[in-house]
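Chains as they are written, first to last, in the working numbering: chain U, 333 to 449; chain R, 14 to 173.
These are calculated hints, taken from the structure and not from any lab test. Computed from a prediction, not measured in an experiment: that's the story for all the values here. We treat Cβ as the ideally placed atom computed from N, Cα and C, and that holds for glycine. A few of these clues could be false.
So, partial list: chain U residues that the calculated Cβ filter (under 7 Å) puts toward chain R [what the hints assert, rightly or not]:
no., residue
1, 388
2, 431
3, 434
Which bits of chain R does chain U cover? Going by a derived footprint, with three or more residues having C-beta under 8 Å, they are [to be verified]:
no., segment
4, 30-41
5, 44-50
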Amino acid sequence: MKAGALAEEDALWAAVADPTRRRVLDALLERGEATTTTLAEELPVTRQAVAKHLVVLDRVGLVTSERHGREVRYAVRPERLDAASEAMARVAAQWDRRLARIKQLAESVQAQTELHS
Amino acid sequence: MAADRIEREIVIQAPAEVVWGVITEPSQISRWFSDEAEVQARAGADGTLTWKPGGRGGDREADMTVAIRVVESEPYSRFSFRWNHPEGTTPDESNSALVEFSLAEEARGTRLRVAESAIAAVTHDEDSMAAYRESHEHGWGKHLGELLDYVASEIPSEAL
Numbered sequence: 333m334k335a336g337a338l339a340e341e342d343a344l345w346a347a348v349a350d351p352t353r354r355r356v357l358d359a360l361l362e363r364g365e366a367t368t369t370t371l372a373e374e375l376p377v378t379r380q381a382v383a384k385h386l387v388v389l390d391r392v393g394l395v396t397s398e399r400h401g402r403e404v405r406y407a408v409r410p411e412r413l414d415a416a417s418e419a420m421a422r423v424a425a426q427w428d429r430r431l432a433r434i435k436q437l438a439e440s441v442q443a444q445t446e447l448h449s
Numbered sequence: 014m015a016a017d018r019i020e021r022e023i024v025i026q027a028p029a030e031v032v033w034g035v036i037t038e039p040s041q042i043s044r045w046f047s048d049e050a051e052v053q054a055r056a057g058a059d060g061t062l063t064w065k066p067g068g069r070g071g072d073r074e075a076d077m078t079v080a081i082r083v084v085e086s087e088p089y090s091r092f093s094f095r096w097n098h099p100e101g102t103t104p105d106e107s108n109s110a111l112v113e114f115s116l117a118e119e120a121r122g123t124r125l126r127v128a129e130s131a132i133a134a135v136t137h138d139e140d141s142m143a144a145y146r147e148s149h150e151h152g153w154g155k156h157l158g159e160l161l162d163y164v165a166s167e168i169p170s171e172a173l
């Protein structure tokens with residue numbers, strides 16, 4: 333993987349690591365699209381906080397924004413969300429592999445012990 | 014589940030002390046994790062994990078060494094460590110990922126759980142994150158399909 337792609341994936345990851353941002357994403361997914369004001373009404377955070385989180389999400393491409401007259405409506409970009417969950421799935425798969433290896437090693441050690449006892 | 018925490022588990026047909034040995038002894042760690050390991054199963058102990066060219070590090074050209082610090086070590090029960098913090102720094106939530114093993118004896122053997130969290134923390138330092146990803150992706154292969162056969166073929170029989 334190229335350094336640029338790495339940095340991009342890291343930013344994506346950091347963006348979804350924040351619990352409030354995940355709630356913003358959840359709320360957006362539920363509504364399809366929403367403005368900062370409607371999101372703030374739904375979530376236990378201020379409008380300013382929601383706006384700040386939306387900026388981060390927008391920057392990494394997890395949400396899109398569109399201006400309709402005086403208001404800006406946000407929506408989730410599902411393909412980017414998939415990329416973030418894939419990154420987590422990869423880490424999980426690595427641990428599955430390590431656990432399988434640990435299992436094999438421990439069971440072999442145990443079989444050997446039983447043979448000699 | 015938090016977005017930057019994963020948890021996995023497996024049941025092993027062996028007593029907890031055998032599983033404990035595999036996850037904490039350097040000579041065993043180098044069979045399932047890195048190619049070389051300097052680790053002491055003692056809370057606060059600093060160590061290193063090294064991936065070698067041609068080893069699990071895959072086609073890398075030079076050694077890659079990652080810092081590790083043991084957080085908890087309760088024999089046969091809990092073993093946790095932080096890793097991937099920049100060399101010479103004190104690992105904490107902001108600069109390292111936390112790996113926690115827990116072992117529980119059951120009728121059929123030992124249930125081994127592992128959780129890795131604060132993975133996003135290591136993104137603050139791009140170099141260490143790159144190394145982290147590299148160790149994961151090249152070291153363990155990207156494809157999910159090859160799993161068990163791969164594991165079976167990778168463990169030398171004389172080692173067992």
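- Message: Are any of the numbered hints broken by this structure? If so, which, sorted upward?
- Response: Those not satisfied come down to hint 1.
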